[in-house]
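Protein chains: 2
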Amino acid sequence: MTTDELLQGYARLAVEIGVNLQPGQDLQINCFPEHLELARAAADAAYRVGARWVDLNVTDPHVRRSLIEHGPEEELESTPSWLLARLEDVAERQGAVLLLVGDAEPDLFSSLDQGRVAKARMKDLRTRQLELVATGKLSWAIIGSPNPGWAEAVLGEPDVDRLWEAVGSTVRLDEADPVAAWREHIKTLKARAASLNARGFDAVRFTGPGTDLTVGLSPRSRWMAAETKTAWGQTHVPNLPTEEVFTTPDLRRTEGIVRSTMPLVLQGTVVRDLELRFANGEIADVKASSGEEVVRKQIETDEGSKHLGEVALVDGDSRVGRTGITFLNTLFDENATSHIAFGQALQEAVEGGADMTAQEMAEAGVNDSSVHVDFMIGGPSVDVDGLAADGNAVPIIRENAWVLTLDA
Amino acid sequence: MTTDELLQGYARLAVEIGVNLQPGQDLQINCFPEHLELARAAADAAYRVGARWVDLNVTDPHVRRSLIEHGPEEELESTPSWLLARLEDVAERQGAVLLLVGDAEPDLFSSLDQGRVAKARMKDLRTRQLELVATGKLSWAIIGSPNPGWAEAVLGEPDVDRLWEAVGSTVRLDEADPVAAWREHIKTLKARAASLNARGFDAVRFTGPGTDLTVGLSPRSRWMAAETKTAWGQTHVPNLPTEEVFTTPDLRRTEGIVRSTMPLVLQGTVVRDLELRFANGEIADVKASSGEEVVRKQIETDEGSKHLGEVALVDGDSRVGRTGITFLNTLFDENATSHIAFGQALQEAVEGGADMTAQEMAEAGVNDSSVHVDFMIGGPSVDVDGLAADGNAVPIIRENAWVLTLDA
Numbered sequence: 001m002t003t004d005e006l007l008q009g010y011a012r013l014a015v016e017i018g019v020n021l022q023p024g025q026d027l028q029i030n031c032f033p034e035h036l037e038l039a040r041a042a043a044d045a046a047y048r049v050g051a052r053w054v055d056l057n058v059t060d061p062h063v064r065r066s067l068i069e070h071g072p073e074e075e076l077e078s079t080p081s082w083l084l085a086r087l088e089d090v091a092e093r094q095g096a097v098l099l100l101v102g103d104a105e106p107d108l109f110s111s112l113d114q115g116r117v118a119k120a121r122m123k124d125l126r127t128r129q130l131e132l133v134a135t136g137k138l139s140w141a142i143i144g145s146p147n148p149g150w151a152e153a154v155l156g157e158p159d160v161d162r163l164w165e166a167v168g169s170t171v172r173l174d175e176a177d178p179v180a181a182w183r184e185h186i187k188t189l190k191a192r193a194a195s196l197n198a199r200g201f202d203a204v205r206f207t208g209p210g211t212d213l214t215v216g217l218s219p220r221s222r223w224m225a226a227e228t229k230t231a232w233g234q235t236h237v238p239n240l241p242t243e244e245v246f247t248t249p250d251l252r253r254t255e256g257i258v259r260s261t262m263p264l265v266l267q268g269t270v271v272r273d274l275e276l277r278f279a280n281g282e283i284a285d286v287k288a289s290s291g292e293e294v295v296r297k298q299i300e301t302d303e304g305s306k307h308l309g310e311v312a313l314v315d316g317d318s319r320v321g322r323t324g325i326t327f328l329n330t331l332f333d334e335n336a337t338s339h340i341a342f343g344q345a346l347q348e349a350v351e352g353g354a355d356m357t358a359q360e361m362a363e364a365g366v367n368d369s370s371v372h373v374d375f376m377i378g379g380p381s382v383d384v385d386g387l388a389a390d391g392n393a394v395p396i397i398r399e400n401a402w403v404l405t406l407d408a
Numbered sequence: 409m410t411t412d413e414l415l416q417g418y419a420r421l422a423v424e425i426g427v428n429l430q431p432g433q434d435l436q437i438n439c440f441p442e443h444l445e446l447a448r449a450a451a452d453a454a455y456r457v458g459a460r461w462v463d464l465n466v467t468d469p470h471v472r473r474s475l476i477e478h479g480p481e482e483e484l485e486s487t488p489s490w491l492l493a494r495l496e497d498v499a500e501r502q503g504a505v506l507l508l509v510g511d512a513e514p515d516l517f518s519s520l521d522q523g524r525v526a527k528a529r530m531k532d533l534r535t536r537q538l539e540l541v542a543t544g545k546l547s548w549a550i551i552g553s554p555n556p557g558w559a560e561a562v563l564g565e566p567d568v569d570r571l572w573e574a575v576g577s578t579v580r581l582d583e584a585d586p587v588a589a590w591r592e593h594i595k596t597l598k599a600r601a602a603s604l605n606a607r608g609f610d611a612v613r614f615t616g617p618g619t620d621l622t623v624g625l626s627p628r629s630r631w632m633a634a635e636t637k638t639a640w641g642q643t644h645v646p647n648l649p650t651e652e653v654f655t656t657p658d659l660r661r662t663e664g665i666v667r668s669t670m671p672l673v674l675q676g677t678v679v680r681d682l683e684l685r686f687a688n689g690e691i692a693d694v695k696a697s698s699g700e701e702v703v704r705k706q707i708e709t710d711e712g713s714k715h716l717g718e719v720a721l722v723d724g725d726s727r728v729g730r731t732g733i734t735f736l737n738t739l740f741d742e743n744a745t746s747h748i749a750f751g752q753a754l755q756e757a758v759e760g761g762a763d764m765t766a767q768e769m770a771e772a773g774v775n776d777s778s779v780h781v782d783f784m785i786g787g788p789s790v791d792v793d794g795l796a797a798d799g800n801a802v803p804i805i806r807e808n809a810w811v812l813t814l815d816a
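Chains as they are written, first to last, in our numbering: chain P, 1 to 408; chain X, 409 to 816.
Treat the hints as calculated values from the structure; they're not laboratory data. Cβ atoms here follow ideal geometry from the backbone N, Cα and C, with glycine treated the same way.
Interface residues of chain X toward chain P, partial, derived using beta-carbon atoms under 7 Å:
no.	residue
1	444
2	448
3	463
4	479
5	488
6	493
Stretch-level coverage of chain P by chain X, calculated; a stretch enters the list once three of its residues show a Cβ under 8 Å from a Cβ in chain X:
no.	region
7	33-42
8	50-56
9	61-68
10	82-96
Using the sequences and the hints given, assemble the complete structure.
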């Protein structure tokens with residue numbers, strides 16, 4: 001397939017499988033300048049299936065860089081009121097939001113004062129976005145948008161066509177009928193979630209080099225995969241690609257140590273060899289060979305950022321993992337292998353989550369934060385077990401293969 | 409000078425001479441994707457002089473094209489509420505707005521249904537912008553941003569460096585001290601305006617091939633140039649480049665026929681050989697060898713769009729005219745030669761204009777419209793006279809040279 005065919009195909013998947021746009025619905029697209037071509041294709045696909053209005057917002061990281069470098073300290077954290085108004089509008093209209101990712105300049109902020117970098121992230125906007133997502137007020141999806149800078153970081157050369165080929169294979173554009181392939185894939189992932197839910201594990205445990213981590217679950221934790229549903233019942237697939245089965249842990253019950261198995265890009269900085277130690281669910285110690293300060297600042301954002309909000313399982317069948325590529329992008333890399341995230345919980349992965357009061361959430365250990373940072377902890381040498389309430393361990397992933405079945 | 413030096417120099421002029429940004433002031437930048445480099449440089453220059461917040465909004469014409477091609481008829485005219493909120497915010501804060509122009513794809517909409525093209529222009533946003541500008545509620549400026557598509561249209565090849573050189577010379581970046589050169593230039597233009605105001609002409613008359621047009625003025629018409637002032641007293645230079653001396657005519661008193669001397673780009677379509685006939689101040693007849701339909705739609709927008717809102721005089725000394733280049737862009741071409749505009753009047757060019765009631769404006773013949781379309785009518789073979797109330801003609805421009813002085 002040509003790059004243009006891949007681009008058109010991905011745009012259609014984003015609209016038809018991703019946000020599952022309905023006639024008359026609004027679509028907001030948020031992207032960086034290097035994503036414009038794919039954003040335009042998605043906008044066109046959306047109008048073709050009957051969108052009422054497609055609104056594109058291009059965020060320019062260089063303007064943000066100037067703010068961080070020369071702007072007044074007291075404005076670093078500001079969110080313009082109209083960006084909040086824009087977000088409220090699409091939520092009120094029960095619309096859809098499509099986010100394009102794929103960092104064109106991953107080191108753009110790395111030479112700046114990291115305290116100022118961490119502040120300049122429009123916290124109010126992010127908090128509200130996470131709230132709306134957590135409570136099913138938006139049909140949303142994230143897709144990756146290949147560009148020269150991202151290709152250079154990933155492949156060592158700005159070969160956008162090769163990156164497109166890899167991205168295309170992660171989202172099954174190499175199948176004869178990608179939409180049909182997606183329906184099948186969604187079924188497989190949902191069966192895995194069903195098998196985990198049937199077991200009712202009390203915790204999951206990761207063991208491997210530098211890792212022995214037990215993530216305690218709540219009795220209300222519910223394993224989910226691929227598809228989610230808005231408050232008004234619209235199914236959508238938030239991540240394209242997606243290979244994970246995930247749930248919300250009890251924020252108080254993570255213990256042990258974990259070593260990240262892949263780099264991640266955070267606030268424009270590449271974080272490598274991240275190692276976290278947990279005690280009573282809280283991150284007690286942080287180490288990294290690069291980007292440590294950025295992680296610390298993120299973790300110190302609020303009370304919730306010190307605790308986990310997600311745990312997710314991925315095996316070696318992953319279309320992302322099978323490319324053998326480290327994409328340096330969470331959307332892709334988190335689907336290459338198992339991962340955890342500190343910060344905001346996924347309320348939809350908690351029984352009755354969308355309707356819980358703050359007190360009920362606190363009782364169930366459902367985390368609340370203005371950040372949500374995924375990092376990868378799985379791989380060929382990391383085993384995953386489910387722990388029953390009596391401590392009995394049941395293999396879920398062995399030698400990177402999913403071994404748990406519904407009947408076993 | 410290198411293109412990068414020209415870009416940095418233009419960005420500084422835009423901030424320091426154009427909007428004349430003050431410490432603590434907001435700056436909103438509106439541009440198209442191809443203008444991002446200059447927009448970033450302007451944002452950086454703004455933060456360096458103490459901007460509180462710089463907000464960049466990138467409008468993508470391809471998304472608009474998809475709306476026009478596939479969007480629902482009843483939404484074509486929509487303005488998203490948050491774009492209006494954004495504009496109100498900068499006005500309430502007594503901020504500045506910088507607009508970047510330079511069409512990268514001048515024929516992007518030319519194959520579309522022109523009725524739909526004319527509708528999809530966010531009329532509410534434009535109307536409010538023109539109101540805020542007309543009443544001095546914003547410090548604003550427009551600059552041109554060279555890009556490959558614009559260079560191709562202008563020069564026949566996408567030679568951005570050559571276009572940058574031409575644009576740089578129009579805004580005096582080839583001077584040793586461009587800021588000082590601008591101060592001198594502003595003085596010259598203001599002296600011309602003073603000489604016109606001292607005469608108190610009742611009308612100006614253009615005569616040349618295909619043109620015999622008399623534009624009647626109001627006793628309250630005031631000639632202006634280069635610099636204007638916000639309602640709170642901040643001077644700014646709205647157009648970079650600027651070479652014109654302009655005023656607001658009496659909308660009821662234009663008579664005769666006029667032939668455009670340069671093409672213009674309107675709604676993404678190139679309009680050539682435009683010819684308009686006026687009777688009792690109203691456009692009675694429209695002809696053009698291309699783009700006629702787009703002009704008709706614009707003129708039919710509202711009652712005000714059928715009448716003039718501006719008349720402006722430019723002689724052959726113009727830095728723009730001296731490049732010998734037709735820039736296919738109003739900001740530049742209107743500064744190459746004399747021009748008129750149908751639609752919204754410039755209230756600041758009317759004695760007491762900012763504080764007039766709707767009835768007073770109607771009495772003085774000050775036009776009100778949601779459009780403002782300039783087109784060029786001057787040149788080497790077009791003479792301009794000032795007509796006194798008794799009909800006596802005084803030469804203003806002869807053989808493309810300004811001949812009127814304060815003492816003559």
